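Since the structure of chain A is already known, use the hints to place chain B on it.
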Amino acid sequence: MSSDEIRDRLLIALAKFLGESPTKLNPLANVLVCEDWFLAELLEPVVPSENKVALNLERFNQLMLACGRARSSEHFYDYFFRNVSTIDNFEEAVESFRIKAMWLFGNFKFAYKKLATQDVSIDAFSVLIARTEPRSDSEFSEREEFTDIQPIPEEDLGFLGYVSGQKLDDLDFAIEAIKLLSAEGIDRVDFLRRLGQDNARKLSDVLSREQLEFPAEEEGIDQKKISSILLKLEPELRARRDRQVNAQRIGIRNTQRYLTLPYLDVYVATSMRSEEDYVAQSKFLQNVFQNPLVRDLKLRYFDPTASFDPDRIKKGLIECLMLRRAKVTIYNAGARRHYG
Amino acid sequence: MMENVTCRFEHDEAVRLCALQLLKQGYDVRARIEGWFQAPDYIHGYRPDIVARKGDEWLVVEIKKSDADWPKISALERIEHELAHYKVVVRSPQDVLRGQWVGANVVG
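Going down the list, the protein sequences come from chains A and B.
Going by the numbering used here, the first sequence opens with residue 1, and the numbers climb by one from there.
Going by the numbering used here, the second sequence opens with residue 1001, and the numbers climb by one from there.
So that you can see chain B by itself, here it is in the shape it has in the complex:
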């Protein structure tokens, strides 16, 4: 229970960092950041943390909170197989906070 508070803050912080980094890289961004961005649409019943678009390239980003996220991640990953121009990237908050950005310069 104690860790949950910190985990949640780290997750949200990672989403904010990712979204801003993607903006910097020239993406148009939709993100689950209350009050700042329009939320992404649902994909196969789940709303990803971020959907970013640059030209024809679409990036679906999920910041993984725990292993319990697997149904969501597996549903999101289906879009990658269905639509060639979609890329799904899953990161842990710690990865993002350590500076492993997603986007053009990182392989998902």
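For reference, chain A alone in the conformation it holds in the complex:
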């Protein structure tokens, strides 16, 4: 590899280190505060021969100044660049800095300011950098299994939703309306008029979800048909309501358990409206937390599909609290846009 190529790679890496997009002809064009001849002069000893990079703190800081940045501390330089002797090493060091910068601050320029500059003491630097170092997972793997949360059967998860759970109330309403329509002495035309066209249409929709047909007004009310509708729907509603009560009871208990956990590792945020959303989210959680790389950490995570409170405002506040307590948040974006 020629010195020119190494020089280009070094400039590109340097631009990335500084949080700049390297432009093709002049990678440091957006940050350079010195003239090109001076940069060339600075680089000459840094790139002495093929594949070699001869960096030291003094040369590194000259480059920083040429790029409009404050000089770096010795401990910063030592940590990232002391062992750099080839262009590959240099690029790896830059990549290492960028990863840590993102973890700690989410911003390369700010990370340089907070980690590298000379007013950052070695103690402060060490504390920050320790947060990015690999550490033993024993603090997680040696603790007890997280089994506090009672699971809810997958097919019943949708009963926890404020929107998806509404379907059962609609079915209940439809059944009661049909019962009244079949009652003796009722003025059906007047009843349907007061119920309103939209609601009459909605009744039909609710029944069609159950593969049943609502007898249209002009066809009259077919008692036999209504009896057969009720015969099918009433036990069905009772069974689903029992499952809903059970699911919500478990969800409320789980919410209490979450509120009293001494700590929480992960908060999982999402928006769920339909039953499918609940099932998809539950599967997502299983995939994440049962993954062999994660499972043994015994993470305590907030599963939004296993928690319920009848008051959606209160549920929102509880989730805010969970979010603040957790060390990590996973946001699982749904297929549709929500404002959750």
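Check each hint, because a few of them may be wrong.
Said to hold, decoys possible - List time: in silico DSSO-like cross-link candidates among lysine-lysine, alpha-carbon distance up to 30 Å:
| # | chain 1 | residue 1 | chain 2 | residue 2 |
| --- | --- | --- | --- | --- |
| 1 | B | K1064 | A | K202 |
| 2 | B | K1072 | A | K315 |
| 3 | B | K1065 | A | K167 |
| 4 | A | K202 | B | K1054 |
| 5 | A | K179 | B | K1064 |
| 6 | A | K314 | B | K1064 |
| 7 | A | K179 | B | K1065 |
| 8 | A | K202 | A | K315 |
| 9 | A | K314 | B | K1065 |
| 10 | A | K315 | A | K283 |
| 11 | A | K24 | A | K113 |
| 12 | A | K100 | A | K327 |
| 13 | A | K315 | B | K1064 |
| 14 | A | K327 | A | K114 |
| 15 | B | K1072 | A | K314 |
| 16 | A | K179 | B | K1054 |
| 17 | A | K167 | A | K224 |
| 18 | A | K113 | A | K52 |
| 19 | A | K167 | B | K1064 |
| 20 | B | K1072 | A | K167 |
| 21 | A | K114 | A | K16 |
| 22 | A | K327 | A | K298 |
| 23 | A | K202 | B | K1065 |
| 24 | A | K315 | A | K327 |
| 25 | A | K315 | B | K1065 |
| 26 | B | K1087 | B | K1054 |
| 27 | A | K327 | A | K283 |
| 28 | B | K1087 | A | K179 |
Claimed, not checked - For each label pair, taking beta carbons as the anchor points, the in silico distance ranges come out as:
| # | chain 1 | residue 1 | chain 2 | residue 2 | range |
| --- | --- | --- | --- | --- | --- |
| 29 | A | I313 | B | D1069 | 15 to 21 Å |
| 30 | B | L1083 | A | S274 | 39 to 45 Å |
| 31 | A | K113 | B | N1004 | 49 to 55 Å |
| 32 | A | K179 | B | D1095 | 16 to 22 Å |
| 33 | B | D1069 | A | A183 | 28 to 34 Å |
| 34 | B | D1095 | A | P292 | 53 to 59 Å |
| 35 | B | T1006 | A | T260 | 22 to 28 Å |
To be verified - To spell it out: a stretch of chain B is covered by chain A in this simulated footprint if at least three of its residues, at any positions, have a beta carbon under 8 Å from a beta carbon of chain A; those stretches are:
| # | region |
| --- | --- |
| 36 | 1004-1010 |
| 37 | 1014-1026 |
It is worth saying that the hints were derived from the structure and are not from the lab.
Please read all numbers here as calculations on a predicted model, not as lab measurements.
For glycine and all other residues, C-beta sits at the position ideal for the given N, C-alpha and C.
Just chain B now, with coordinates in the frame of chain A:
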């Protein structure tokens, strides 16, 4: 806590039953039944479960969840004293589910 789930369902079911019964009795109905009726307006800072109207007669129906509802019920009952054509009816969900309807055929 356990009972709360059932109580809430019973309350909502009672509101649905009442609203439909009132429709049957010839009332125009506003009710707190999501997706089916327009919600009633607030009365003295509280939104009743149902407000039904037939001619000049107005019926305010509250399905009582628990004794903790007393401030709401007492606020709603004030309208009865203030406006002669308003009647306030308070029922427990159990009463309604046992068939004690509100409306023309029941004294509040």
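Hint check:
no.: 1; hint: K1064/B <-> K202/A; verdict: holds, 28 Å
no.: 2; hint: K1072/B <-> K315/A; verdict: holds, 23 Å
no.: 3; hint: K1065/B <-> K167/A; verdict: holds, 22 Å
no.: 4; hint: K202/A <-> K1054/B; verdict: holds, 24 Å
no.: 5; hint: K179/A <-> K1064/B; verdict: holds, 25 Å
no.: 6; hint: K314/A <-> K1064/B; verdict: holds, 21 Å
no.: 7; hint: K179/A <-> K1065/B; verdict: holds, 25 Å
no.: 8; hint: K202/A <-> K315/A; verdict: holds, 29 Å
no.: 9; hint: K314/A <-> K1065/B; verdict: holds, 18 Å
no.: 10; hint: K315/A <-> K283/A; verdict: holds, 22 Å
no.: 11; hint: K24/A <-> K113/A; verdict: holds, 26 Å
no.: 12; hint: K100/A <-> K327/A; verdict: holds, 17 Å
no.: 13; hint: K315/A <-> K1064/B; verdict: holds, 23 Å
no.: 14; hint: K327/A <-> K114/A; verdict: holds, 22 Å
no.: 15; hint: K1072/B <-> K314/A; verdict: holds, 20 Å
no.: 16; hint: K179/A <-> K1054/B; verdict: holds, 23 Å
no.: 17; hint: K167/A <-> K224/A; verdict: holds, 25 Å
no.: 18; hint: K113/A <-> K52/A; verdict: holds, 28 Å
no.: 19; hint: K167/A <-> K1064/B; verdict: holds, 24 Å
no.: 20; hint: K1072/B <-> K167/A; verdict: holds, 29 Å
no.: 21; hint: K114/A <-> K16/A; verdict: holds, 17 Å
no.: 22; hint: K327/A <-> K298/A; verdict: holds, 14 Å
no.: 23; hint: K202/A <-> K1065/B; verdict: holds, 28 Å
no.: 24; hint: K315/A <-> K327/A; verdict: holds, 20 Å
no.: 25; hint: K315/A <-> K1065/B; verdict: holds, 20 Å
no.: 26; hint: K1087/B <-> K1054/B; verdict: holds, 12 Å
no.: 27; hint: K327/A <-> K283/A; verdict: holds, 22 Å
no.: 28; hint: K1087/B <-> K179/A; verdict: holds, 27 Å
no.: 29; hint: I313/A <-> D1069/B: 15 to 21 Å; verdict: holds, 18 Å
no.: 30; hint: L1083/B <-> S274/A: 39 to 45 Å; verdict: holds, 44 Å
no.: 31; hint: K113/A <-> N1004/B: 49 to 55 Å; verdict: holds, 53 Å
no.: 32; hint: K179/A <-> D1095/B: 16 to 22 Å; verdict: holds, 18 Å
no.: 33; hint: D1069/B <-> A183/A: 28 to 34 Å; verdict: holds, 31 Å
no.: 34; hint: D1095/B <-> P292/A: 53 to 59 Å; verdict: holds, 57 Å
no.: 35; hint: T1006/B <-> T260/A: 22 to 28 Å; verdict: holds, 24 Å
no.: 36; hint: 1004-1010; verdict: holds (count 5)
no.: 37; hint: 1014-1026; verdict: holds (count 7)
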